[in-house]
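Chains as they are written, first to last, in the UniProt record's numbering: chain A, 1 to 732; chain B, 1 to 183.
Hint data in this document are derived by calculation from the structure and do not stem from the laboratory.
All of these numbers come straight from a predicted model, not from anything done at the bench.
Worth double-checking, as some hints may not be accurate.
Pairs of lysine to aspartate or glutamate, EDC-like flavour, derived with a Cα cap of 20 Å [as the list claims (entries may be wrong)]:
hint	chain 1	residue 1	chain 2	residue 2
1	A	Lys470	A	Asp542
2	A	Lys110	A	Glu174
3	A	Lys612	A	Glu674
4	A	Lys242	B	Glu12
5	A	Lys157	A	Glu324
6	B	Lys40	A	Glu523
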Amino acid sequence: MAGASNLSGLALETSGELQSPGSASSNRSLRVAENVRKKGERNPFQFALNYLSQVQEGTVVRGNDALERNLVLVETIALSQGLPPEAVSLLLDLALSLRAGSVTCSRILKFLIPASVVPQEAIVRGMSWLCVGKMPLNAQVLFLRWVLTVFDLIDCKDHLRAVYGFIFSFLTEENLCPFICHLLYLLTMREHVQPFRVRKLLEIQTRMGKQSFLMQLLALYKVFRPELVTLSVPSRLRTGFKNHNSTWKAALSAVQRKNRTQMMADHSLSLGVKGKPVSRKRKLDHLEVPPLSSSFYTNSKKTVFQLQELRSFTELLQNIHNIELPAQMGSLLGCSLALHYLDCVQDESAFLRLNFWLGYSLQEEFLLCPVDGDSDSQTEASRFLATILSSQQFLQESFLSTESFLYKFLSVWDGSLLRSQVLDLLSHVPLMPSHHIRMLLFEPLMQLYFTSSVFFKCSVLECLNSMLLKWLTWHSINALENGLDISLNSNGTVTMTLSGFMDTVIELVRFVGRLAAEGLRLENCHVLLLSHTLAFYETVCDMFVKYGLPLVIMPPADVFYPALLATDSVSVDRLGYIMYRYRKNLTLAKKQGQQREQTFHISRVTYQEFNKHLVAMVSCLWNSKSFLSGTGIEVDERQLIQSKVPDHWSSFDLVHHPAFFKYALEFHQKCWPERKRVDLASIKVGKYWNWYVEFLFSQGFDGLNDFIKVNTGQSYSSSSSSQGDSQPTGQH
Amino acid sequence: MALLTPYSKIPELNTATILLIENEERFQTKLADAIVQQEKDVNVNVRLARKLPLPLENGDSRPRVDLVVFVVSLRSERSLQAVESSLNYLASDYYLGKVCFVVTDARCGTLAQERMLRVRRLAASHHCPVLCAEHQTEEGIAMAAMRLLTILKVSAGLSPMATTALYLSSLTRCAAAPELDDD
């Protein structure tokens, strides 16, 4: 008991020095002491804590068995279960006061694993010990690293913010500077940004050079008070702060995971009880989106609404002018009201903080430590990415930090880890200049694509298709507003010229064309891959009509012919649809080009390519002239004879094409049920041909139907008037 | 100096041989098991070695090696150095699409990132692909095995379509290390 009162006395002294409410903290430690006394007799852990709290200044450490025994006991408990808040503040005080020497100090700091929260008074008191200046340097650094590690677990931060100035003064210590910068970054609010602090920071910066931690802090200052910081800050800072949590990370996450499972068990038992059991904090390895909680000020002068208090959209609307952001920006991700707010306010500091949080978590979790094999962390990781994805979909905008993370991740990706989430996120990547896209996206994707299975190839094509779709949609919306330039983010600060945008799109379409062509070759024209390829070209062929982008790019021959000669009817039908849409786009482009010469120019080569494909397709399917000269796809006459296929010119027309063979047989049987010998050539004679075509189109081949209608001028029910080359040739 | 050459022996029917070289011998056995289990259509021989050159004794009984895989763990400097020294014992014909690098622990902090850059530079100068693998999970190993098999089948001439190892490697080979830090 004597020791306990000694402890509270200490608390009074130090907190008095810091002008923070001392009575509260001494009350608290009295309560702690009371608890300690109550439980101490029964519980060896409490007994040990009790003992440690009574350690006096100048205690001999070397050979002190009692001290050693108690420390070991507390250490094992701490590493296995974590420490309760009172124990954390007690031990922190013991350590930093150096009552048991500096070796014990670092030892205690290293096992100081909180089970739930860290009381802020403990941190404030720790800061005051830092001010006393007795601690050796390595202990100071260790303490600051510990504070940064458990920062998210500190129950409330207003008192800590009250001593901002004290913390700021440590910036001048060169060895502590990186850690202090990080801590200040986490604590800073608008009112902390003062001219004298900016001056000091700039002065330090000229002395230490452009250190990234200083730049980060200055960038934040600039966001809050742009008029004070005239320094130009690069728009995309590299990873700002190093990780300092290596000492505790493993133990802390283990303890928190354990506690959570326990709590879930408790929770499931008391299902009837309403409300959260205990305020649970996010575990350190960030993968959980933290709950909306713990804001800054409990200031009575301002009527500030905290985001977590909002219940409905109307409430949000009424209080939108005085809402304060939560302490942890990551918590915004899970909450739709918060996202509404973010979208509407477009607060740059909020985005900066959110991006910082996200970039930090992503980097930490996916790039700096490998996933240990358990499925638990896998599902957690995928849930985390899914949350980011849904937030991005909500905001219809990708976060800067996810984007740069993805590029880094792609270069070390094995192609299976979290595949669907990674590809989904990738499809949300915003527009970028064409010279970047090759390096950041195409190089790593290409290597993955060509070494992986056909299913992976399909999902890559699907991902790139949806990326293109999003870009085109983005363009069609933003081009309406401001003509030739396209803004790349929602507040229009970053723009791209139309030609730059077109270059990027051309680059992407060409890249996919190459992937598809080579992929189809390698996979022997796999049906699924062909289908995804055609889906991509369904987007490409409509870029002008649907999205207003004056650009027509034809598929390469390696994609066109496999589709035309495919053995499944769906692919041929889709190709028909694609060619039909190309025609629409090109005719519209030509018409507009004639009306207004200045608008744009579609290269003659594109028209030639289209015509070539068109001739090949019509002569193959309709005219029964496949492989003959002048039809686009030519095979040497002698070889055709050598192949000994009878009537080879007609083997890919609508009757004999392997994709429609089945339909021809069915039709044949319906027309001549009594015939024993099948003679498909008789379908091509006279009215049977029209009937057959009609029958074929009634099977749902709408794409082909459109294609034939437009390109042959043939309305097959009345076959009288048609162009010269569109006559079905029955016999040769 | 005993060079390993790709074309000095006659290939066996329906058989492909892959040589996994890893100095630490931690990942290669698991990978070998996965490769053998996954492939049902053709006979796959997996040979393991710690480094090149291979011993001379059973050089004659050794089948023709169709693909040489260097497994590099980015956690250790030794691993990378061993690969660097082994590269000299391969005949230049191998570098026409019959060599690839498999990298593990690529997501382990800044040191790994720096080594990754070195591996990429090494691979780019030898025109080889670099595959990243997750060696700690089942799916990761299976994926790595599958990707190696894809390359192996082509380099052993077992691919149904007429694709050569050289052609595939022109699609997959590592380009010069990307500079992500700018901008």
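Tested hints:
A hinted pair counts as satisfied when its Cα atoms are at most 20 Å apart, and Lys470 (chain A) with Asp542 (chain A) qualifies at roughly 14 Å. Note on Lys110 (chain A) and Glu174 (chain A): the hinted pairing is violated, with a Cα-Cα distance of about 23 Å set against a maximum of 20 Å. Under the criterion of a C-alpha separation no larger than 20 Å, the hint pairing Lys612 (chain A) with Glu674 (chain A) is inconsistent with the structure, at around 42 Å. For the suggested pair Lys242 (chain A) and Glu12 (chain B), the alpha carbons sit about 54 Å apart, so the restraint of at most 20 Å is broken.
Proposed proximity of Lys157 (chain A) and Glu324 (chain A) is supported: the alpha carbons are some 14 Å apart, at most 20 Å. Between Lys40 (chain B) and Glu523 (chain A), the direct Cα distance comes to roughly 18 Å. Compliance with the 20 Å bound is thereby established for this hinted pair.
When each numbered hint is compared with the structure, violations occur for hints 2, 3 and 4.
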